[in-house]
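Peer 1: Using the sequences and the hints given, assemble the complete structure.
Protein chains: 2
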Amino acid sequence: MSDMYNYGSFTMPGESGYEVLTLQLAQKWGSDVIRDCDGTKLSEQLLSAGMDVYSTICIIREHNTFINNHPQYQQQVFLESERVLATNQDVSIALFNGYFTRQFSVNKDSVSYWQVFDRTTNCEVPRNNWSYSDETNSVRIHGAVLWHHYSVNFLAFRIWEEINMYNHVTNSWEKEPLKQLDPRYPEVQAYLRNWLTTWCEEHPETDVVRFTSLFYNFVWIWGSDERNPFLFTDWASYDFTISPLALEQFASEYGYRLTSEDFINQGYRNPNHITWKQKLMDYLWFTNRFVCSFAKELVDIVHRYGKKAYVFYDDSWVGMEPQSEAFGTIGFDGIIKCVFSGFEVRLCSAVPGKLTHELRLHPYLFPVGLGGAPTFKEGGNPSLDAQKYWVQVRRALLRTPIDRIGLGGILHLTEGFPDFVDTIADIAKQFRMIKDLHTRSSVYKVNLKVGILTSWGKLRAWTCGGHFHEHPDLDLINILESLAGLPYDVEFLSFDEVTKDNLETIDVLINAGFAGSSWSGGDHWKDDKIVMTLTEWVHAGGTFVGVNEPSAVQGYANNLRMAPVLGVDVDDGRRLCHGFWKVGEEASKLRLDIRKKEGVYLIDGETKVLQAVDDFAVVTQRSFGKGKGVYLSEYRYSPYNTFALRSILEQGIIQENLFCTDNPLVDCAYFPEAKTLVLVNGSEEKQSVDVRITNGMITTEVEGFATALISYE
Amino acid sequence: MSDMYNYGSFTMPGESGYEVLTLQLAQKWGSDVIRDCDGTKLSEQLLSAGMDVYSTICIIREHNTFINNHPQYQQQVFLESERVLATNQDVSIALFNGYFTRQFSVNKDSVSYWQVFDRTTNCEVPRNNWSYSDETNSVRIHGAVLWHHYSVNFLAFRIWEEINMYNHVTNSWEKEPLKQLDPRYPEVQAYLRNWLTTWCEEHPETDVVRFTSLFYNFVWIWGSDERNPFLFTDWASYDFTISPLALEQFASEYGYRLTSEDFINQGYRNPNHITWKQKLMDYLWFTNRFVCSFAKELVDIVHRYGKKAYVFYDDSWVGMEPQSEAFGTIGFDGIIKCVFSGFEVRLCSAVPGKLTHELRLHPYLFPVGLGGAPTFKEGGNPSLDAQKYWVQVRRALLRTPIDRIGLGGILHLTEGFPDFVDTIADIAKQFRMIKDLHTRSSVYKVNLKVGILTSWGKLRAWTCGGHFHEHPDLDLINILESLAGLPYDVEFLSFDEVTKDNLETIDVLINAGFAGSSWSGGDHWKDDKIVMTLTEWVHAGGTFVGVNEPSAVQGYANNLRMAPVLGVDVDDGRRLCHGFWKVGEEASKLRLDIRKKEGVYLIDGETKVLQAVDDFAVVTQRSFGKGKGVYLSEYRYSPYNTFALRSILEQGIIQENLFCTDNPLVDCAYFPEAKTLVLVNGSEEKQSVDVRITNGMITTEVEGFATALISYE
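Quick mapping for you: the protein sequence lines, in order, are chains A and B.
In terms of the numbering used here, the first sequence is residues 1 to 713.
In terms of the numbering used here, the second sequence is residues 1 to 713.
Hints are supplied without guarantee of correctness; some may be wrong.
Sample of chain A residues lacking proximity to chain B, with all beta carbon distances greater than 10 Å (derived) [what the hints assert, rightly or not]:
{"id": "1", "residue": "Thr40"}
{"id": "2", "residue": "Glu44"}
{"id": "3", "residue": "Asn69"}
{"id": "4", "residue": "Phe96"}
{"id": "5", "residue": "Val106"}
{"id": "6", "residue": "Phe117"}
{"id": "7", "residue": "Ile159"}
{"id": "8", "residue": "Pro244"}
{"id": "9", "residue": "Gln266"}
{"id": "10", "residue": "Ala425"}
{"id": "11", "residue": "Asp426"}
{"id": "12", "residue": "Lys458"}
{"id": "13", "residue": "His471"}
{"id": "14", "residue": "Asp572"}
{"id": "15", "residue": "Lys582"}
{"id": "16", "residue": "Ser647"}
Straight-line alpha carbon distances no greater than 30 Å define the calculated DSSO-like cross-link-like pairs of lysine-lysine that follow [what the hints assert, rightly or not]:
{"id": "17", "chain 1": "B", "residue 1": "Lys597", "chain 2": "A", "residue 2": "Lys582"}
{"id": "18", "chain 1": "A", "residue 1": "Lys596", "chain 2": "B", "residue 2": "Lys582"}
{"id": "19", "chain 1": "B", "residue 1": "Lys597", "chain 2": "B", "residue 2": "Lys529"}
{"id": "20", "chain 1": "B", "residue 1": "Lys458", "chain 2": "B", "residue 2": "Lys279"}
{"id": "21", "chain 1": "A", "residue 1": "Lys526", "chain 2": "B", "residue 2": "Lys279"}
{"id": "22", "chain 1": "A", "residue 1": "Lys445", "chain 2": "A", "residue 2": "Lys500"}
{"id": "23", "chain 1": "B", "residue 1": "Lys354", "chain 2": "B", "residue 2": "Lys308"}
{"id": "24", "chain 1": "B", "residue 1": "Lys597", "chain 2": "A", "residue 2": "Lys596"}
{"id": "25", "chain 1": "B", "residue 1": "Lys388", "chain 2": "B", "residue 2": "Lys458"}
{"id": "26", "chain 1": "B", "residue 1": "Lys596", "chain 2": "A", "residue 2": "Lys597"}
{"id": "27", "chain 1": "B", "residue 1": "Lys626", "chain 2": "B", "residue 2": "Lys582"}
{"id": "28", "chain 1": "A", "residue 1": "Lys582", "chain 2": "B", "residue 2": "Lys596"}
{"id": "29", "chain 1": "A", "residue 1": "Lys279", "chain 2": "A", "residue 2": "Lys500"}
{"id": "30", "chain 1": "A", "residue 1": "Lys279", "chain 2": "B", "residue 2": "Lys526"}
{"id": "31", "chain 1": "B", "residue 1": "Lys582", "chain 2": "A", "residue 2": "Lys597"}
{"id": "32", "chain 1": "B", "residue 1": "Lys526", "chain 2": "A", "residue 2": "Lys597"}
{"id": "33", "chain 1": "B", "residue 1": "Lys449", "chain 2": "B", "residue 2": "Lys589"}
{"id": "34", "chain 1": "A", "residue 1": "Lys526", "chain 2": "B", "residue 2": "Lys277"}
{"id": "35", "chain 1": "B", "residue 1": "Lys526", "chain 2": "A", "residue 2": "Lys526"}
{"id": "36", "chain 1": "B", "residue 1": "Lys597", "chain 2": "B", "residue 2": "Lys608"}
{"id": "37", "chain 1": "B", "residue 1": "Lys626", "chain 2": "B", "residue 2": "Lys529"}
{"id": "38", "chain 1": "B", "residue 1": "Lys597", "chain 2": "A", "residue 2": "Lys526"}
{"id": "39", "chain 1": "B", "residue 1": "Lys582", "chain 2": "B", "residue 2": "Lys597"}
{"id": "40", "chain 1": "B", "residue 1": "Lys526", "chain 2": "A", "residue 2": "Lys277"}
It is worth saying that the hints were derived from the structure and are not from the lab.
Keep in mind the model is a prediction, meaning the values are calculated, not measured.
Cβ coordinates follow ideal geometry from the N, Cα and C atoms, glycine included.
Peer 2: Here it is, written out as C-alpha cells:
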C-alpha cells in the first residue's frame with residue numbers, strides 16, 4: 001500500500017506516564033489527533049507533541065460539590081414499586097424493594113406527582129386513600145380491595161451517574177461516585193455556563209471539546225439482585241429526562257399534563273422498540289428542543305474560545321436526536337460514533353450538516369470487552385477483534401464517506417499486543433485509502449431506492465437504538481446491517497410520510513418487525529389511508545417487502561393489514577379450524593438461513609413460495625398489479641443472507657448486476673471517477689471472486705480480511 | 001381368562017351376503033347385538049340370528065325426492081365470498097370462487113340477509129350501494145373506495161349432505177348424492193314425523209333405532225382447490241344450523257337480530273376453540289332447545305313402536321349438546337361414542353341420565369383409516385391398530401364404567417386378517433372383565449379433585465371438540481387424555497362458575513391453552529372478580545395450574561392475569577428492554593418432554609424453576625399464601641408426561657401414592673369391594689412394575705398390551 005496513506009484522519013488516546021509509547025504509536029498509526037479518556041490525562045509533553053488535542057467533557061457530572069449543596073437539582077426518574085397483594089384493607093408498600101439503592105433516593109417533595117394503582121384493575125387509587133411515610137419510605141393504602149395487587153409510581157432522584165456507576169462497579173473503582181445535574185433547572189444552567197467558561201479559559205491547549213455526550217443518559221435502571229441486575233435498559237427512551245419542572249413546563253406548553261403512568265405504562269414503560277403514543281412523541285420533541293437550545297449555549301461558549309465542539313453520539317445522547325432540526329441549530333463541529341457494525345457507520349454518516357464525521361473503532365483499549373470477555377489481558381486477541389469489527393465497518397465505508405477514525409481507552413494496555421498495533425496501523429491505511437477514493441469520486445450505486453417504513457422514520461435512520469449485540473433478534477437491525485454495505489439509496493419513512501408523492505421515488509419499501517413494535521408500526525396500521533396508499537403504490541409497480549409481522553395490528557380482517565399484497569398472513573390461533581394452503585416450493589435458487597415462523601399461512605393459491613421450512617413458507621412472493629409483495633418470516637444478518645437479500649430486493653427490478661461479486665464474503669465498490677474497483681474480503685481466508693463489469697468479468701483473488709484495488713475504466 | 005367373559009355387551013356390524021362369516025364372528029366375539037352400517041344391510045337370516053338389532057338412521061338425508069320438490073328446505077350456511085380489490089368504483093364479486101360448488105348453491109331469496117363489507121376498513125357497505133345479479137351469480141358494488149378490498153357474506157344452500165359427500169368422493173361412489181333437510185321448517189318436521197312412523201312400521205325386527213346422529217353436521221366447508229380441500233372444519237360450531245327462519249325465530253325470542261357477520265366474523269368464523277361472544281352463546285342455546293325438542297318428538301315415535309332410541313355422538317350432533325339440560329328431555333335410551341382415545345371414553349361416560357353408554361372402537365372396518373393410511377388392505381395392520389387404540393381406551397375404562405363396546409363397517413374386510421379377529425375377541429373379554437369389576441365395586445380414587453376452567457365449562461366436559469388427532473397441539477386435549485386414566489375426580493367449570501363456593505371442593509384448578517382460546521378463556525379474564533376470587537382461593541390453599549397462556553388477555557399490567565400467582569408471565573415484545581431474571585433450575589426429579597415457550601419469564605426471584613429448556617423456564621412453582629401456582633409452558637400427552645403430571649398435581653397435597661405403579665407404561669386401578677388390583681400394560685413389551693399398596697409393595701410383571709388381575713385385600 002502506498003506511503004500516501006500513512007498519516008492523518010486518526011485520533012488516538014494518549015496517556016500520561018507513557019509518553020514514549022504514546023509518541024511511538026502516534027508515529028506508527030499516523031495519528032494527527034490525541035485525546036484524553038475517562039481515567040486518563042494528557043501530560044504537557046503529549047499536549048505539545050504536534051497533534052491536535054481533543055478534551056473529553058461529561059458536562060453533567062464532576063460537580064459533586066455543587067450537587068451536595070443543591071441536591072434538588074439532581075436528575076430523576078419515575079419508578080414503579082413492587083406490586084403488593086392486599087390481604088387486608090391496609091396495604092403498606094416499600095418504595096425501593098428490588099431496586100439498586102445506590103442509584104436512587106426518593107424525591108420526597110414530589111409526592112403530588114406520584115400515583116398509586118390497583119394493578120389488578122388498572123384503576124388509580126384516589127389520592128385520599130393513600131399516604132407516604134417519610135420515616136419508613138413507604139406508602140400506606142387505606143381501603144384496598146382484598147386480593148388485588150397494588151403498586152406506587154413515584155419520583156426518585158438518580159444519585160449516581162450511570163456510566164460512572166457502571167465503570168465503578170465493573171472495575172471496583174475506589175474513587176468518589178459521581179452525581180449528575182439536571183440542566184432543566186435555570187440555576188444549573190447558570191452554573192454550567194460558568195463552569196464551562198472557566199474550563200475553556202483553563203484549557204488553552206484544547207482544540208476540540210469532545211462532549212460525552214450531552215445531558216441525559218440512555219435509560220438504565222438497576223436492580224438489587226444479581227440474578228437480574230439491569231431492570232430496564234433502553235438506548236432511546238426519555239425516562240431519565242423527567243423532573244417536576246419538566247412536567248410543569250410541558251403542561252404549560254402543550255396544554256395537558258403528563259402523569260407518572262404515561263411513563264410507567266403498567267410497568268411496561270416505553271422502550272423505543274414499541275410504538276409510542278402521541279403524548280410520548282410530544283414529550284420527545286419538547287425535550288429535544290430544550291436539550292438542543294441549552295447545548296447551543298454551551299457550544300457557543302466553546303466557540304468563543306476558538307475551540308471546536310464535537311459530540312460523542314452515545315451514552316448521554318437522549319434528547320439530542322441528531323436527525324432533528326433542532327440538532328442542526330446547536331452548531332457542533334463534529335460527531336463521533338463508536339462502531340461495532342456497518343449500520344453504525346451509516347448512522348454517523350447520515351447525521352446532517354457540515355460536521356466532521358468520526359468513528360471510534362472497537363475494541364476499546366480496556367482489559368475486558370463485550371460481556372466481560374478478555375480483550376487486553378490474558379486470553380484476549382484484540383488484533384482479531386479489531387479485524388472482525390473492521391470488516392463490518394469497512395463494508396459500510398465503501399458506500400458512504402467518513403472523515404476520521406480513532407481509538408479510545410488506556411493506551412499502555414496495548415503493550416504486549418504488537419499484532420494489535422500492526423492491525424490498527426493497517427486499518428488506518430485502509431481507511432485513508434477508501435476515504436481518498438470518496439474524495440476523488442462518487443461511488444457507483446444500483447438504480448434502486450429502498451425505503452424503510454417504521455414508526456420513527458428518519459428520526460431513527462440507520463438504527464433501532466443501541467448496538468447490534470444489544471438486540472440481535474430485531475429483524476430490522478439485521479436488515480440495516482445488510483443494507484449498510486449494499487449499493488442502494490436508502491430512505492427512512494415514518495407513517496406520516498406514506499404519501500403518493502413520497503413513495504414515487506421508492507422502488508422497494510421494507511416493513512420489518514414483530515407486532516406492536518415501532519419497527520413494524522403497531523397502531524399506525526389502524527390508519528386505513530396507509531393501507532390504501534401502499535396498496536395503490538404496489539399495484540402501480542412498487543415492491544412491498546414484509547418481514548416477520550409487517551403491518552400487524554389487531555381488529556381487522558387480517559392480522560397483517562398488508563396480507564392481500566403480501567399473500568401471507570399470520571394466524572394467532574383464530575384460524576385453527578381453517579384449512580391451510582399446502583406450501584409447495586417454487587424452483588428458486590434462494591437459500592436464506594432463516595427459521596420458520598409458526599402461524600404463517602398463504603392467503604390463497606396465488607402466492608409463490610420461494611423457500612419453505614417444515615412446510616411453513618419462509619420466503620414468498622406475490623404479484624400484485626404491476627408490483628409485488630415479498631414476505632420473509634425473519635431476517636438475520638450474515639454475508640450469505642445479505643447476498644440473498646440483494647437478489648430479493650433487485651428481483652424483477654434490476655436486470656444486470658454490475659460491480660458486484662459472486663462471492664458473498666467479498667464486497668465490491670466501484671469508484672468511476674477514480675477508475676477503481678475496491679474488493680474487500682470480510683473473511684479470514686483468501687477468496688476467489690468473479691466481478692461482473694460492463695464489458696465482461698474480472699476474476700481475481702483477495703487475501704483474508706484484505707482490501708484490494710483494481711484499476712478499471 | 002375365565003370363560004365368564006365370553007359373551008355379551010358387544011355390538012358387531014353384520015353384512016348381507018356374508019351370513020356365515022357374520023355368525024362365525026358373532027360366536028367368536030360374543031356379540032349380542034348386530035347392526036347395519038352406511039353401505040351395508042342386514043339380511044333376514046342375520047336379523048333373526050338371536051341378536052338384538054340396531055338399525056342406523058341418518059334422519060335428515062335419504063329424502064331426495066321430497067327435497068327435489070321442496071329445495072327451499074335444504075340446510076344452509078353463511079359464506080364469505082373471496083375478497084376483491086377495488087381498482088375502480090365498480091366492483092364485481094363472484095360468490096363461489098374458491099368453494100367446492102357441488103356442496104353449495106346460492107339461496108337467491110335470502111338477499112335481505114346478506115351483507116357486503118369493505119374488508120379494509122371493516123365497514124359494511126350500505127345496501128343501496130350493491131346489487132345481486134341472478135344471472136352471473138355475483139354482486140356488483142357501486143361507489144367502492146379505490147384500493148380497498150370487498151367481500152360478500154351470503155347465504156347458500158348446502159346441496160350435498162357432508163358425510164355422504166365425503167364417502168362419495170373418498171370412495172368414488174357411483175350412487176346418487178344425498179341431500180339434507182333442515183327440520184327447522186314445520187313442513188319438514190311434519191314430513192319427518194310421518195316418514196319415521198312409516199319406517200318404524202316397516203321395521204318390526206329393529207330393537208334399537210340408532211340415530212346417526214340428529215340434524216346438523218359439524219361444520220365442514222369444502223374448497224375447490226386440492227391444495228386446500230377443506231376450508232373450515234369444526235366439530236362444534238353452529239354454522240350449519242342457520243336459515244332465514246332460524247334467524248327470524250331467534251330475533252323474536254331474543255329481541256335482537258343476528259347478522260351474517262356474527263357468523264362470518266371477519267372471515268375468522270367462530271370455531272369452538274376461540275371464546276364465543278354472548279350472541280353466539282345465545283344462538284347455541286336457542287338451537288339446542290329446538291334440536292332437543294324435535295328430537296324428543298322423533299324419539300317418542302320410536303318408543304311408541306316399542307323400540308329403543310340410541311344416538312351416535314358424532315357427525316350431525318350439533319345442537320344436541322349431551323351436557324345440556326335439554327338433552328335429558330329427549331329420552332334417548334343410549335349414546336354411542338366412537339373412540340380413539342381415553343378422553344372420549346370419559347366424554348361418553350359423562351353423558352348424564354340412565355342411558356346405555358356404548359363405545360364404537362377403532363379401527364372402523366374400512367379399507368383405509370386416518371389420513372388415508374391402509375387398514376383392511378395390503379400394508380395395513382388392523383390388529384396392531386386395534387391394540388394401540390385399545391390401550392388408550394382401556395386406561396379410561398379403569399376409571400369409569402361403560403356398558404358396551406362394538407365395531408362398525410364392512411365385516412367381510414376382516415377376511416385375511418385373523419390376527420385382528422383374535423385381538424377383538426381378546427379386547428371384548430378384557431372389556432367384560434373390567435365392566436364386571438365396576439359392577440361389583442367402586443374404583444379407588446386419590447383424594448384430589450381437579451377442576452378444569454374453560455369458557456365452556458361442563459358443556460365441553462372431557463373434550464375440546466373432535467378427536468385427538470384433529471387438534472393434537474391443544475394443550476387441554478392432551479391434559480384431558482392424561483387425566484382420563486388418572487384416579488381423580490374431575491370437574492369442568494366455566495367462568496360463571498368461579499365462585500368461592502364452587503371452588504371449595506377443588507384442590508387443583510387447571511387453565512390451559514393459547515391466548516384467546518376458549519380453553520384459556522380469552523375475554524372472560526377481563527372480569528376482575530374472576531382474578532380476585534381465584535387469587536383468594538389460591539392464597540387459602542388452592543393450587544392453580546396454568547399451561548401455555550393461562551389467564552391471558554390484553555390490556556392489563558400482566559399478559560397473564562394470574563401472573564402474580566403463577567410467578568411467570570409471557571412477554572409479547574413489550575418487555576424487550578426489561579431485564580429478565582436468570583433462570584436457575586431447582587433440584588427436581590421432574591423431566592417432562594416439553595418445549596420452551598419464547599417470551600416466558602419469571603416475574604421475580606421467588607418463583608422456583610422445576611425444569612428449564614435453553615434458559616427458559618418450562619415448569620415452575622410458586623408459593624402463594626397457603627397455596628401455590630404452577631406453570632407449564634405446554635403439555636403433550638405421553639405415558640411419561642402423564643406420570644410427571646401426576647406428581648405435579650399431587651405435589652404438596654397427596655402424601656402417599658397408593659395403588660399406582662412406578663412404571664409410566666403400566667396403569668393400575670384398585671377395586672376395593674372386588675378385592676382386585678388391575679394392571680394394564682400400555683406398551684407392546686413386557687413390563688416390570690412395583691405397585692405401592694397400603695401395607696407394602698407388590699412387584700410383578702405384565703405382558704405387552706395385557707390386562708392383569710391381582711387379588712388384594
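Peer 1: For each hint, tell me whether it holds in the structure or not.
Peer 2: Now the hints, each set against the structure:
Chain B leaves A:Thr40 outside its interface by the beta-carbon criterion, the shortest separation being 31 Å against a cut-off of 10 Å. The beta carbon of A:Glu44 is kept farther than 10 Å from every beta carbon of chain B, the shortest such distance being approximately 45 Å. With a closest Cβ-Cβ approach of about 34 Å to chain B, A:Asn69 is found to remain outside the 10 Å limit, as its non-interface label requires. For A:Phe96, the condition that its CB be more than 10 Å from all CB atoms of chain B holds, with the nearest at approximately 14 Å.
No Cβ of chain B approaches the Cβ of A:Val106 within 10 Å, the least distance being about 21 Å, so the stated non-interface status holds. A beta-carbon of chain B is positioned within 10 Å of the beta-carbon of A:Phe117; the least distance is around 8 Å. For A:Ile159, the requirement that its beta carbon stay farther than 10 Å from each beta carbon of chain B is met, with the minimum near 20 Å. A cut-off of 10 Å between C-beta atoms confirms that A:Pro244 is not in contact with chain B; the least separation is 25 Å.
The Cβ of A:Gln266 sits about 4 Å from the closest Cβ of chain B, inside the 10 Å cut-off, so the non-interface label is violated. Against the 10 Å criterion, A:Ala425 stays outside the reach of chain B, whose nearest CB is about 39 Å from its own CB. Separation of A:Asp426 from chain B is adequate, the least Cβ-Cβ distance of about 38 Å exceeding the 10 Å criterion. With a least CB separation of 22 Å from chain B, A:Lys458 remains clear of the 10 Å interface cut-off, as annotated.
For A:His471, the non-interface assignment is contradicted: its Cβ lies about 7 Å from the closest Cβ of chain B, within the 10 Å cut-off. Distance to chain B contradicts A:Asp572 as a non-interface residue, since its nearest Cβ pair spans about 7 Å, not more than 10 Å. Separation of A:Lys582 from chain B is inadequate, the least Cβ-Cβ distance of about 4 Å not exceeding the 10 Å criterion. Its beta-carbon lying about 27 Å from the closest one in chain B, A:Ser647 satisfies the requirement of being farther than 10 Å from that chain.
Between the alpha carbons of B:Lys597 and A:Lys582 the distance comes to roughly 26 Å, so the proposed pair stays at or under 30 Å and holds. Under the criterion of a C-alpha separation no larger than 30 Å, the hint pairing A:Lys596 with B:Lys582 is consistent with the structure, at around 27 Å. Pair hint B:Lys597 plus B:Lys529 holds up; C-alpha atoms about 28 Å apart against a cutoff of 30 Å. A distance of roughly 19 Å separates the Cα atoms of B:Lys458 and B:Lys279; the hinted pair therefore holds under the 30 Å criterion.
A distance of roughly 26 Å separates the Cα atoms of A:Lys526 and B:Lys279; the hinted pair therefore holds under the 30 Å criterion. A threshold of 30 Å between alpha carbons decides the hint, and for A:Lys445 with A:Lys500 the separation of about 24 Å falls inside it, so the pair holds. Of the supplied pair hints, the one linking B:Lys354 and B:Lys308 holds, its CA atoms being roughly 13 Å apart against a limit of 30 Å. Distance hint between B:Lys597 and A:Lys596 is fulfilled; the C-alpha atoms sit about 15 Å from each other, no more than 30 Å.
Restraint check for B:Lys388 and B:Lys458: satisfied, since their Cα atoms lie roughly 29 Å apart, inside the 30 Å limit. Taking the CA atoms of B:Lys596 and A:Lys597, the gap is near 15 Å; set against the 30 Å cutoff, the hint holds. Only pairs whose Cα atoms come within 30 Å are accepted, and B:Lys626 paired with B:Lys582 is accepted, the gap being roughly 26 Å. For the hint linking A:Lys582 to B:Lys596, the alpha-carbon distance of about 27 Å falls within 30 Å, and the restraint holds.
Simply put, A:Lys279 and A:Lys500 have alpha-carbon atoms about 27 Å apart, close enough for the 30 Å limit, and the pair holds. For the suggested pair A:Lys279 and B:Lys526, the alpha carbons sit about 26 Å apart, so the restraint of at most 30 Å is met. A hinted pair counts as satisfied when its Cα atoms are at most 30 Å apart, and B:Lys582 with A:Lys597 qualifies at roughly 26 Å. Note on B:Lys526 and A:Lys597: the hinted pairing holds, with a Cα-Cα distance of about 29 Å set against a maximum of 30 Å.
A hinted pair counts as satisfied when its Cα atoms are at most 30 Å apart, and B:Lys449 with B:Lys589 qualifies at roughly 24 Å. For the given pair, A:Lys526 sits about 23 Å from B:Lys277 by alpha-carbon distance, which is consistent with the 30 Å threshold. A distance of roughly 23 Å separates the Cα atoms of B:Lys526 and A:Lys526; the hinted pair therefore holds under the 30 Å criterion. Pair hint B:Lys597 plus B:Lys608 holds up; C-alpha atoms about 17 Å apart against a cutoff of 30 Å.
Between the alpha carbons of B:Lys626 and B:Lys529 the distance comes to roughly 20 Å, so the proposed pair stays at or under 30 Å and holds. Distance hint between B:Lys597 and A:Lys526 is fulfilled; the C-alpha atoms sit about 29 Å from each other, no more than 30 Å. Between B:Lys582 and B:Lys597 the alpha-carbon distance is near 16 Å, which keeps this suggested pair within the 30 Å criterion. Using a Cα cut-off of 30 Å, the hinted pair B:Lys526 and A:Lys277 holds, with the two alpha carbons roughly 23 Å apart.
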